[in-house]
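Chains as they are written, first to last, in the numbering used here: chain A, 1 to 425; chain B, 1 to 425.
These are calculated hints, taken from the structure and not from any lab test. It is possible that some hints are incorrect.
What the hints assert, rightly or not - Cross-link-like lysine-lysine pairs, in silico, DSSO-like; alpha carbons within 27 Å at most:
no.	chain 1	residue 1	chain 2	residue 2
1	A	116	B	244
2	A	116	B	252
3	A	244	B	116
To be verified - Residues on chain A that point at chain B, a partial pick, calculated with CB under 8 Å:
no.	residue
4	256
5	379
6	400
7	402
Virtual Cβ for every residue (Gly too), placed ideally from N, Cα, C.
Number of protein chains: 2
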Amino acid sequence: MTPVAARKDDDIPALMQRMGAAARAAAGPLARATTEQKNKALTVAAMRVNAEQQAILRANALDLAEAKDLSDAMFDRLKLDPKRIDAIVKGLRDVAGLPDPVGETMAEWTRPNGMKITRVRVPLGVVGVIYESRPNVTADAAALCLKAGNPVILRGGSESLHSSQALYACLRDGLRAAGLPEDAIQMVPTRDRAAVGAMLTMVEYIDVVVPRGGRSLVERVQNESRVPVFAHLEGICHTYVHAKAEPQMARKMVMNAKMRRTGICGATETLLVDRAVAKTHLPPILDELAKAGCELRGDAETRALDARVLAATEQDWRTEYLDAILAVRIVDGLDQAIEHINTFGSHHTDCIVTEDTAAAERFMAEVDSAITLHNASTQFADGGEFGMGAEIGISTGRLHARGPVGVEQLTTYKYKVHGTGQLRP
Amino acid sequence: MTPVAARKDDDIPALMQRMGAAARAAAGPLARATTEQKNKALTVAAMRVNAEQQAILRANALDLAEAKDLSDAMFDRLKLDPKRIDAIVKGLRDVAGLPDPVGETMAEWTRPNGMKITRVRVPLGVVGVIYESRPNVTADAAALCLKAGNPVILRGGSESLHSSQALYACLRDGLRAAGLPEDAIQMVPTRDRAAVGAMLTMVEYIDVVVPRGGRSLVERVQNESRVPVFAHLEGICHTYVHAKAEPQMARKMVMNAKMRRTGICGATETLLVDRAVAKTHLPPILDELAKAGCELRGDAETRALDARVLAATEQDWRTEYLDAILAVRIVDGLDQAIEHINTFGSHHTDCIVTEDTAAAERFMAEVDSAITLHNASTQFADGGEFGMGAEIGISTGRLHARGPVGVEQLTTYKYKVHGTGQLRP
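If we strip away everything but chain A, and leave its shape as in the complex, we get (with noise of 0.2 Å):
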């Protein structure tokens, strides 16, 4: 058996089709798949990936080598080497390693007439996933779209063609292996941007698409997508330094939050400092951030207190840089500190720092964020971190799955009613 391929005679939409008729057919057998056996399926792909590292950093090197246009951001993530690919084996057994969400019973409760009513988790259906040129992301994906009994389509970005096939022949040797449909993981086969366009109104065969990438790919599927998307927006997270902060865990807080690592969704863009502690616990914050290189930008006051800040403007407060460039604002005091959050955030990952307990649970009550903390840095903002094992991504959408999607998020329920002859009166 072979992937479904373009054949040369092929339009886009229909080659889509098949690829969608083949993955609803999937999707029933890898519901009724035991955990060994998507376990045998992830456990095999590793062994796969491990023992074709050679093959796979060749394709790698072919893709490196065709890439002209990549920034070097881009061509960094592209890159694979052996840690990395490692990294892949790794996250493919973790995956086998989490608890399979698929028929646990979340509820049960039996009614008046005798009627026992059972709420079970069951797969959501199939999954569409379109990343950009990151060949990681095949095996995360498929990983947790198999896990969760989901037949998955990957739609990698076009640069990474070449690992991503590699990868991607690794993944269906352990569904064959397994004796699971190979349809269950299917990949475009094309670089043709239009079978991302096909991808988004495939109504009929795709139950959710999941974007994964920058702000300009997650805005064109959430703008033309006719499927329901899990939205990955940007993170324009906040830490806040309340009035009753310690400044030694505000200054450490914020360092973490801003410096550990600028690239990821879950670090700090804007620090906001109440008035009240400006002007003790502000400057020593500015300074370190400064010594280690980051780019200041605040509001007249902040600027007032150390001369190496550059003038913000409104469009600072909405800005992911994704880089080490913070802007920072004074704010009144705890209400003027949710309004700013709730107004110019993403509802991704906000922190309050304080000792004081009440304004701490104000905070996290009214903040409309997925992820609300309290004296923990916003780099916790991921599934792992929170102990959900592997993510697809951070939802900031607020229907489905907010926060963290892991598994368990790619699921959906039912119900089973058990009854004894029970008629409506």
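Use these hints to put chain B onto chain A, whose structure you have.
Quick look at chain B alone, frame taken from chain A:
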């Protein structure tokens, strides 16, 4: 304070934008409302509906006088009488009596680094409800959204505008008495259908649209909406009489599932019977249905059993009659029954009648519907019958809410992380 109204110089999109912004502004205060406040708003509204019965009936008489082109069924749904107003009053009080889902701790765990993570239920956001000319939906939908802490924009059928406005005034009285923002419940004050189109594009102001009505309404909303939709598709529900069914139970079950009320979405539309027992079990069922006035449409084998059975076409397998009509098909056994239901059904509600527990479990696992039943009537497909209190409909979608959509399904969640200064390594 008066509701947002269409001014003379108004264009509909501008009116809808103002309503959307008002709803969004009400979301924060409503999310923070206490259970007591929400319940007071509901009980005062109930009291006002009760007190204003005459005014509401006069408004309804105006609607009925103006309604020219309505079918008998539609006219009946539009018509109010004292008994129906009592039911509306009771409905409002019932929702007040439901537990408040907002603030509920759904899960809680502590990480090895000491961070405590809590998943807390919060309101879903602004809900848009688009429905037919059924005045009672005005009160039902508003009450459920209010209890879940969601501002709502109601857009009922044009023919019910006077009745709905009279009820709406009582709902606002309730909000005012409870000190809640009056824009927590808004009603589109115009019959112009452009209002619906505007609602379906207001992604910045509306978080989810709930269409409640016939197939054409739901399909229009699903096709046009940029806002996520809780689709209540039609209910093409099946009752399947397995080879091991107890014949008397099968007969009573089919009669109840089809004939108790034919116009509800949980009514059985297709009967499947195993060939092994068709000659023994089916004739008495057909006879009782025919005598009760049910039109029968069957395959050739069914017709051979009873001359009153008309010929069914494939279209019958795909039809929600909502009437005293039943499609009947004889199948080879469990596999063919499951395949028929997954192919022709609407993933709503399906029942197996059998004494064979293993067959029942396989049916409930493999039929891909929101509700599967063993030896209980499909007419139980109802939030109230499930013990969930009132419902806004039965969702046939897979995301977020599947099956009955009650107060709990109108919420989402957020994470609160309590730390003591944790930094991510």
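Index of numbered hints that the structure contradicts, given in increasing order: Every hint satisfied by this model.
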